[in-house]
Amino acid sequence: EPEVTQTPSHQVTQMGQEVILRCVPISNHLYFYWYRQILGQKVEFLVSFYNNEISEKSEIFDDQFSVERPDGSNFTLKIRSTKLEDSAMYFCAARMGNTGELFFGEGSRLTVL
Amino acid sequence: AQTVTQSQPEMSVQEAETVTLSCTYDTSESNYYLFWYKQPPSRQMILVIRQEAYKQQNATENRFSVNFQKAAKSFSLKISDSQLGDTAMYFCAFINPYGGATNKLIFGTGTLLAVQP
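Going line by line, the protein sequences match chains A and B. Residue numbers for the first sequence follow my numbering, beginning at 8 and rising by one. Residue numbers for the second sequence follow my numbering, beginning at 8 and rising by one.
Misleading hints may appear alongside valid ones.
[Claimed, not checked] Taking CB as the label site, the calculated pair distances span:
1. B:Pro47 - A:Leu120: 25 to 33 Å
2. A:Glu92 - B:Thr12: 19 to 27 Å
3. A:Leu37 - B:Ser87: 33 to 41 Å
4. A:Asn58 - B:Met18: 17 to 25 Å
5. A:Thr20 - B:Tyr105: 37 to 45 Å
Read the hints as simulated data drawn from the structure, not as lab findings. Note that CB positions come from ideal geometry on N, CA and C, so glycine has one too.
Next comes chain A alone, as it looks inside the complex (with noise of 0.2 Å):
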């Protein structure tokens, strides 16, 4: 079993419209974070989420961006209003106290239109 699952592994939206992707991590991971690639560029940093609540963010996390873990499973990322600009792979993330590893999902590739 995977330790980190996300949903959608694709996601093809028009520009302007509103998107969720969805990470399930298994039940002892304590930090969650977000991270986004655009195709042929490195990985960034976009947020990071502990105990209910955001601990930190990037510039790039602007007030498009929001994330939550309303039931205590699914860590989800919502982008309220896309644009082309946020055509990417966007990874999410988990880890357990201080082991420092942390255990990356498949991905959501999310394509704007």
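Use these hints to put chain B onto chain A, whose structure you have.
Same frame as chain A, but now just chain B:
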């Protein structure tokens, strides 16, 4: 702020040969973790090897080993007996998990490795 630098955007190696990917990092902390992640064309992020900074012994995982030089802040990855399936983007990454919830994994820009038959 911590930074991770990979100075080799692309590398090529012949099948069965050995290749070394370079990584340097900058931090003022003494306890941290370093990782090498592999990203094949599927774009999945796969952990290759990890090194805890307090351990002096270099980590090894089958054909993969690291040369961890803490004083020089260097963390290179050696792939022995390269295989076609090793063709991928390789990312070096740093994290200090001891500071609590705000610590994140910081990635280098990646090295694209091509294994030639």
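Each hint, compared with the structure:
| no. | hint | result |
| --- | --- | --- |
| 1 | B:Pro47 - A:Leu120: 25 to 33 Å | holds, 26 Å |
| 2 | A:Glu92 - B:Thr12: 19 to 27 Å | holds, 26 Å |
| 3 | A:Leu37 - B:Ser87: 33 to 41 Å | holds, 36 Å |
| 4 | A:Asn58 - B:Met18: 17 to 25 Å | violated, 41 Å |
| 5 | A:Thr20 - B:Tyr105: 37 to 45 Å | holds, 39 Å |
Consistency note: the structure conflicts with earlier hint 4 alone.
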